[in-house]
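Number of protein chains: 4
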Amino acid sequence: MLTEKLGVAFIGMGGAVATTAIAGIEMLKSGSNGLDGLPLAECKADGIVDYRDMVFSGWDLCGDDLGSAALRHGVIGEAELSNGASALRTMRPRPAVGSVDFCANIDGAHKVAALSHRNAIETICSDLAGIRKTQSVNRLVMINLASTERLPDLASSSFASLPQFERGLDADDPEISPAMLYAYAAILSGVPYANFTPSVAADILPLATMAQERNVPIAGKDGKTGQTLLKTVIAPALKARALHVDGWFSTNILGNSDGKALHDPKSLASKIGTKTKVLDEMLGYPVEDHIVHIHYYRPRGDDKEAWDNIDISGFLGQRMQLKLNFLCKDSILAAPLVIEIARVLDLALQRGEGGIQDQLGVYFKAPQTGSNRKPVHAFGEQQMILDTWLRNAN
Amino acid sequence: MLTEKLGVAFIGMGGAVATTAIAGIEMLKSGSNGLDGLPLAECKADGIVDYRDMVFSGWDLCGDDLGSAALRHGVIGEAELSNGASALRTMRPRPAVGSVDFCANIDGAHKVAALSHRNAIETICSDLAGIRKTQSVNRLVMINLASTERLPDLASSSFASLPQFERGLDADDPEISPAMLYAYAAILSGVPYANFTPSVAADILPLATMAQERNVPIAGKDGKTGQTLLKTVIAPALKARALHVDGWFSTNILGNSDGKALHDPKSLASKIGTKTKVLDEMLGYPVEDHIVHIHYYRPRGDDKEAWDNIDISGFLGQRMQLKLNFLCKDSILAAPLVIEIARVLDLALQRGEGGIQDQLGVYFKAPQTGSNRKPVHAFGEQQMILDTWLRNAN
Amino acid sequence: MLTEKLGVAFIGMGGAVATTAIAGIEMLKSGSNGLDGLPLAECKADGIVDYRDMVFSGWDLCGDDLGSAALRHGVIGEAELSNGASALRTMRPRPAVGSVDFCANIDGAHKVAALSHRNAIETICSDLAGIRKTQSVNRLVMINLASTERLPDLASSSFASLPQFERGLDADDPEISPAMLYAYAAILSGVPYANFTPSVAADILPLATMAQERNVPIAGKDGKTGQTLLKTVIAPALKARALHVDGWFSTNILGNSDGKALHDPKSLASKIGTKTKVLDEMLGYPVEDHIVHIHYYRPRGDDKEAWDNIDISGFLGQRMQLKLNFLCKDSILAAPLVIEIARVLDLALQRGEGGIQDQLGVYFKAPQTGSNRKPVHAFGEQQMILDTWLRNAN
Amino acid sequence: MLTEKLGVAFIGMGGAVATTAIAGIEMLKSGSNGLDGLPLAECKADGIVDYRDMVFSGWDLCGDDLGSAALRHGVIGEAELSNGASALRTMRPRPAVGSVDFCANIDGAHKVAALSHRNAIETICSDLAGIRKTQSVNRLVMINLASTERLPDLASSSFASLPQFERGLDADDPEISPAMLYAYAAILSGVPYANFTPSVAADILPLATMAQERNVPIAGKDGKTGQTLLKTVIAPALKARALHVDGWFSTNILGNSDGKALHDPKSLASKIGTKTKVLDEMLGYPVEDHIVHIHYYRPRGDDKEAWDNIDISGFLGQRMQLKLNFLCKDSILAAPLVIEIARVLDLALQRGEGGIQDQLGVYFKAPQTGSNRKPVHAFGEQQMILDTWLRNAN
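Residue numbers (my numbering), protein chains in the order written: chain A, 1312 to 1705; chain B, 1312 to 1705; chain C, 1312 to 1705; chain D, 1312 to 1705.
Next comes chain A alone, as it looks inside the complex (with noise of 0.2 Å):
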């Protein structure tokens, strides 16, 4: 199997995580970076692709060149933009398909003028074909880095089976997002797709179902970066010891556009949503107090900070405290995990298993699973199905 060019394909390259992966990835490529970071840095599995053999592009609503985005969200510097991520200066995103009703925090001038839904669609695939093209790349991924839209309407008609999906393009339903046409596109042009961010998207049944046809690998959704990782990291161990957990508080602090996003409470619904589930679900009981806040707080910029008061209980009743204070980045967390899911993603595609792909749920917040199977939240469970996906070609 020989190992190639992979092209990646962010929807929101200019944004913080994509230009911190996209530089990163440059450094590496000139020499002035190395793999830290990068969790699967000593992978040997057959197939997967080299660091260096990764090529970008993407679409966002505000043009910039990556250069000046990646300045404005503070994550890289000058020194990184002299150093080794120059070529950052030349890369500009295509015009994106956006939505203010689905994001509304978040618009930007840089817009596809699309009259439809299967206009949207078009545009995407056209664009999809053009950067296999330009790029020279057989191979193309796409990751939806987006800001986090609001919920649909689940109910919606349009969500009920793939034909009525179809009907839905066709009469424009409203509640039909971005990313969901982002990711038909994608699957229709046989290009996997990871959903990193908590917006609904290839995890409605009909995208689902088309790509398990079509045999196309999906995954998501929402990357699991900070307070959440520590949460699957930690609630298995307090299960095992028996500790009892009767309330877990968690707050965080940002200030990136991420947290701007959120700052619009449609969109905060949609994270707050992904980041519940989890913790019951690892204890095999109901948390009666869990509660999960996310606070726009401008001096922080992309510096996130999350505090965590889990209270316990134990032998005899006992109760205790056990306090969490991650001052973290959130770009620096989430840009390697997205070259890994885009890797990983590629791998699936060369083994020919298409379909959702449970072992990347080690990344996501809401692992996305077959219809059949539940999904895995411990962290260390997670890490262990990854790595045996890894070794063992089928």
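Errors might be hidden in some of the hints.
Pairs involving identical chains hold if they fit within one copy or between any two copies, as the list cannot separate such chains.
[What the hints assert, rightly or not] Distance condition first, Cα-Cα at most 27 Å in a straight line; then the derived DSS-like pairs of lysine-lysine: (1) Lys1550 / Lys1340; (2) Lys1316 / Lys1355; (3) Lys1634 / Lys1550; (4) Lys1444 / Lys1422; (5) Lys1550 / Lys1355; (6) Lys1588 / Lys1634.
No lab work stands behind these hints, which were simulated from the structure alone.
Fit chains B, C and D to the known structure of chain A by using the hints.
Chains B, C and D alone, transformed into the frame defined by chain A:
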């Protein structure tokens, strides 16, 4: 296989951990407490003793009845003693073998006046025989919960082989500690032995050899309750995410007699030793600044507070901090582990599996393994090893 | 000046703060508790009432005896009730004037069936007269400890002047709250009044005017106990050191009935309002991101936890963070303040000083001052003002 | 009174605090930085030197230019050196008087080869005269910023009186430290002197007497920047609220050369000494468990982290905890204090006020006062004393 009563003999029977464990089981017997906080409450392994079939005995340098001792520790109170744990008021430890040389800050009047090492061993063996008779139990387990001793001089020739240890006993080698005398007596009497303290005991080569030869189950050492538990939960996740640990600063405050014993620098050295190696072994590289401190701080009594700061660097070398603050109760975390260790050791004896019990590593900071086996420290992996062992009757 | 008994009438007599205050003083009278935690225990001001000369009465929407009420709050337990605070078992509050419109999450059956505002006031005045008689006290003080009400519509014409307020009473203006009715009744009866809650009460112009005209001491509002106390302690120091506050994020978790009342967004708005203004006024510039949250979190009961993160920048614009984590007990912090407020109000009455008592500002989050005086918020300065007032008899 | 240039001579001119202070003032002169973080920026006292009129000189055991030194400390970077602070590249310290006996972990090649105490003093005096001439300044101030020395044997007869100190100098008493030689030379030369370190210097009786007799302003000691600052801010509030401090546990991690110096147990003893007395003096009772630790932890460099846990008990003896976590920058907090101390000492000289300058106590952990005056530690009170002194020209 018939489940009958199991006698559990504690070295340090009047201490906070032992009295808490005994109180919990007595309350369970009386119906005033449930199975909360017992990690293996749902284990269905054939032959594992029922909690209600455990009976207790042991030794202590303080001769008080366990009710008075428990009240002094402040973990259980009058309410528990009136409500199910009243049996403690009538329990008294036997006089203990102790040594001010090995444990400077803890001494007591309730001491065996042993003329020699051999004489001390005879006393312990005779105690064990007496316990079997008095409590009408066939099966016994001994667990060391005594105050931490200073490190012996491990270069002493007594520790080179079992024959040399025997000669050391004959010659009253001052480097042979009380903890070793107890372990020797247990193995000699065919009684499974576990060391829940950081003291050097059955982990010396002569005693491990003796346990192997006589097929007596042993396990150790140093119960993994609070801060180190969290370390072995979190470090594997940091490794899986390629987050490099630049430094890990751990400090503890506690005010119970464990804290007082550790106020003696020599006892502290034993404790710190078992705490530090763990991290490097899990991560696979030496952490340049791994600092561990324990401070005796009276306002807290048995309530212990651990504070950890972890400096990590990730993608693009960028740095983050994770802070943990654990307000825990030492004895509440430790007591159920002690109970489960006793049950598993007894099960191993029933299964005919002697020598070092690697599967108990999940309960220890410094898991004892056979000479050719590297210890596993990652919590998730340890738990899986125990679960597998429990499921598989041999 | 003869020191005699002082009657203290609490609105919310069965609440956690009132029952804790009463229990503490009753235990003091019985000799089973000392002067711990009472800020003015060493004050020698001429005429200040002795703690042992305080007697209690009041109103509550719940008619339970104070012993039962106290046990429910979980601040004092059976031990205290048997040991000095047994008087609580025989104390019962009078039925209270309440309004579901003003306080949605708290209601009770023990309610005055008032036909009109005027009728409610008559009932309260008659209660005050009854209390004087029953308790044989000449001097009374009324303190509002009731659950936080929603903000009234302050644009209502009733709040423009005392005559208009009188007309509003006549017309049963629905914007006139129970808290205002109690304050009106107190002032009318010549009884000093303090508002320990964030509800709008004697801080409206008509009632402040009335207190001034009738020379009745009043003070308010919103007791300064935990997080805001720390704010007013720390912010002045940051200012003195020229450390600029870029952001201050404050979050609170608590599970008592105060937390439950604040779970109603309208009551919460009142509370948050008094918490936020303070900071800007102390620093002398608006803090761009000052965020305050209060969350109802049941595992904690009356134990409250406040977490603050302060982003500051200093010399050369470099940035630092200060984090505070206060594990406090709401009622234990509040009860002694309530007692001291009563004593100081009574002393003001004796000194013939009516109207707003600025010197009590140290005990309030939103110190009430006369129309031409700016409130002082810095804790050190506030304390000095009170100390000076206490020393100087006029 | 004419404001002219003021020369500031730093012992430890190449250290992190000195280079940060100098860089800040040079950037101010060049217009690339403002008055941020300077506590007395708004002080209008007649005669106080303008920041732009300060010029710098000094001594260091390392002879590097200040630009190189500053880059090594990592507080200011290339950006500052290119942008306003370029003057540092051409500044070099004079060789310093040092002693490996007094400061074991810090040594350097740039050392005065003094044959005797008297010879060292002559060199320092001659340096001071040279500085006046080279920098064309009439007024000079000397500030000790050198690494912390071990405690001298304070029972040495040299410290009993000024004449005995003179004899000690003649006899090269080994208990007379470099810090004392510098202080002696400053006072002899009529140069105001402050000790920003915990080393013993002008606080010995002979030097305080000498400063008084010669009417030279002196102040000290040990700059109050992070953890102790917070202590003196918070403890007075706890006292005012009658919250009893049962224990105060303070730990610090830092990785700069100050941390390295303190890694020597003898230097650490000096530091801890000045940190602990403060608390008891403020509270008025001895805190049973007041524990202070400083740990050298390299990942942090100049960034310092302080963690405090305060156990308090309040009304009814109930217990609470307050935790502080200060992520600060040592030199960023210290540099502006050093600048203000220099300005105030110079102003005192102009006002003709010699001897110990109590009004500077707000900037020191262990405020030096005259023999009959008790030091004030409460931050608010200290600040008021300084403000009053600045306002009142004598």
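To see whether the hints hold, each was checked on the structure:
1. Lys1550 / Lys1340: Classified as between; 24 Å across copies, 44 Å inside a copy.
2. Lys1316 / Lys1355: within (17 Å within a copy, 53 Å between copies)
3. Lys1634 / Lys1550: both (17 Å within a copy, 21 Å between copies)
4. Lys1444 / Lys1422: Answer is within; shortest intra-copy Cα gap is 22 Å, inter-copy 69 Å.
5. Lys1550 / Lys1355: between (34 Å within a copy, 17 Å between copies)
6. Lys1588 / Lys1634: So Lys1588 and Lys1634 pass the 27 Å test inside a copy (20 Å) and across (25 Å) alike.
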